[in-house]
Amino acid sequence: GENVEQHPSTLSVQEGDSAVIKCTYSDSASNYFPWYKQELGKRPQLIIDIRSNVGEKKDQRIAVTLNKTAKHFSLHITETQPEDSAVYFCAAVETGGFKTIFGAGTRLFVKA
Amino acid sequence: DAEITQSPRHKITETGRQVTLACHQTWNHNNMFWYRQDLGHGLRLIHYSYGVQDTNKGEVSDGYSVSRSNTEDLPLTLESAASSQTSVYFCASSEERGLSYNEQFFGPGTRLTVL
Chain A
1 GENVEQHPST LSVQEGDSAV IKCTYSDSAS NYFPWYKQEL GKRPQLIIDI RSNVGEKKDQ
61 RIAVTLNKTA KHFSLHITET QPEDSAVYFC AAVETGGFKT IFGAGTRLFV KA
Chain B
113 DAEITQSPRH KITETGRQVT LACHQTWNHN NMFWYRQDLG HGLRLIHYSY GVQDTNKGEV
173 SDGYSVSRSN TEDLPLTLES AASSQTSVYF CASSEERGLS YNEQFFGPGT RLTVL
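For the protein sequence lines, the chains are A and B, in the order given.
Per the numbering used here, the first sequence runs over residues 1 to 112.
Per the numbering used here, the second sequence runs over residues 113 to 227.
Think of the hints as simulated: they come from the structure by calculation, not from any bench.
Since the structure is predicted, the reported quantities are computational estimates derived from the model, not experimental observations.
A hint or two may mislead.
What the hints assert, rightly or not - Keeping only pairs whose Cα atoms sit at most 30 Å apart, straight-line, the calculated BS3-like set for lysine-lysine is: (1) A:Lys37 - B:Lys169; (2) A:Lys58 - A:Lys68; (3) A:Lys42 - A:Lys111; (4) B:Lys123 - A:Lys99; (5) A:Lys42 - A:Lys58; (6) A:Lys57 - A:Lys99; (7) A:Lys42 - A:Lys22; (8) A:Lys111 - A:Lys68; (9) A:Lys71 - B:Lys169; (10) A:Lys22 - A:Lys111; (11) A:Lys42 - B:Lys169; (12) B:Lys123 - A:Lys111; (13) B:Lys123 - A:Lys37; (14) A:Lys57 - A:Lys68; (15) A:Lys68 - A:Lys37; (16) A:Lys37 - A:Lys22; (17) A:Lys68 - B:Lys123; (18) B:Lys169 - A:Lys68; (19) A:Lys22 - B:Lys169; (20) A:Lys99 - A:Lys71.
As the list claims (entries may be wrong) - Covered stretches of chain B (in silico footprint by chain A; criterion: 3 or more residues with CB under 8 Å from a CB of chain A, positions within the stretch not fixed): (21) 123-129; (22) 143-155; (23) 175-189.
Idealized CB from N, CA, C, for every residue including glycine.
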C-alpha cells in the first residue's frame, strides 16, 4: 500500500540555524503534499503545502521543495526560533481524492 | 465561530467493551476523517467519509467502524475494545472543492486508554 517515509525522527538545532526534514512517498499518483506542525498536547495544524505542478513554495521562513521524479519532498525552516520546536508531519494525498497518508513525524528541538 | 469538536477528551475503558468517540464539525465540510496517533507511527488513517452515507476504510480499520448519517457528525465505534487500541484519536474535516485537496482541520483529540 501507500507509504510515506520521513527522516530524521528527531532533529536538534541551535537557534538561528536551518532545519531540513525529508520525506519520500511510494504512490506515484499522489499530487498534493501538506506539512503539519503539532505542538505538545495540541492538534496538528497545516503550515505549508505544495501541489505536484510546482517544484518549490516559500512562506516567510519556511519552504517546501518537491521532486516528483524521485518521489521526495522536503521542508526547510530557516532562522529557527524556540517556538519552532514541535513535531512536524509530512503527508501525501492521492490524486482525485482526499485520503491522506502521513509520515511518522520529526520532533524538532530548537535550542536557545 | 465554526469549529470541530471531539468528545470525550479522555476515556478509560475495559477490554471487550464497546466505545464510541464523537466528532462534530460546524463547517459543513463534506469530508471527515478519523486518525489514531501512536509514538513512532505518526497519524494513521482509520476511516474516512466523503459525505452522508459514504464511509471508507483506511490503513488501520480493523476493530473500528463509522457511520455518517448527517454532514456534521462522524462517530467512531470500537466494537470490542482491545489494549492495542489505547491511543490518541483525532478527527479531521476538509472542504470538498471539485477534485482539489484542501487543508484538513483537526479536532482537539481524544485520549483513550483500554485496560
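Cross-check of the supplied hints:
1. A:Lys37 - B:Lys169: OK: A:Lys37 and B:Lys169 at ~25 Å, within 30 Å.
2. A:Lys58 - A:Lys68: Status holds; Cα separation ~18 Å.
3. A:Lys42 - A:Lys111: holds (21 Å)
4. B:Lys123 - A:Lys99: With a Cα-Cα distance of about 27 Å, the restraint between B:Lys123 and A:Lys99 holds, given a limit of 30 Å.
5. A:Lys42 - A:Lys58: Holds. A:Lys42 to A:Lys58 sits at ~25 Å (cutoff 30 Å).
6. A:Lys57 - A:Lys99: With Cα atoms ~22 Å apart, A:Lys57 and A:Lys99 stay inside 30 Å; holds.
7. A:Lys42 - A:Lys22: Answer holds: A:Lys42 to A:Lys22 is near 23 Å, not above 30 Å.
8. A:Lys111 - A:Lys68: Status violated; Cα separation ~33 Å.
9. A:Lys71 - B:Lys169: holds (25 Å)
10. A:Lys22 - A:Lys111: It holds: about 21 Å lies between the C-alpha atoms, which stays within 30 Å.
11. A:Lys42 - B:Lys169: holds (26 Å)
12. B:Lys123 - A:Lys111: Distance of about 35 Å is beyond 30 Å: violated.
13. B:Lys123 - A:Lys37: OK: B:Lys123 and A:Lys37 at ~25 Å, within 30 Å.
14. A:Lys57 - A:Lys68: Given pair A:Lys57, A:Lys68 holds - Cα atoms ~14 Å apart, limit 30 Å.
15. A:Lys68 - A:Lys37: holds (23 Å)
16. A:Lys37 - A:Lys22: holds (14 Å)
17. A:Lys68 - B:Lys123: Answer violated: A:Lys68 to B:Lys123 is near 42 Å, above 30 Å.
18. B:Lys169 - A:Lys68: Roughly 27 Å between the alpha carbons, so the hint for B:Lys169 and A:Lys68 holds.
19. A:Lys22 - B:Lys169: holds (28 Å)
20. A:Lys99 - A:Lys71: holds (18 Å)
21. 123-129: violated (count 0)
22. 143-155: holds (count 7)
23. 175-189: It is violated: at least three residues are needed, and the segment 175-189 of chain B offers just 0 whose Cβ sits closer than 8 Å to chain A.
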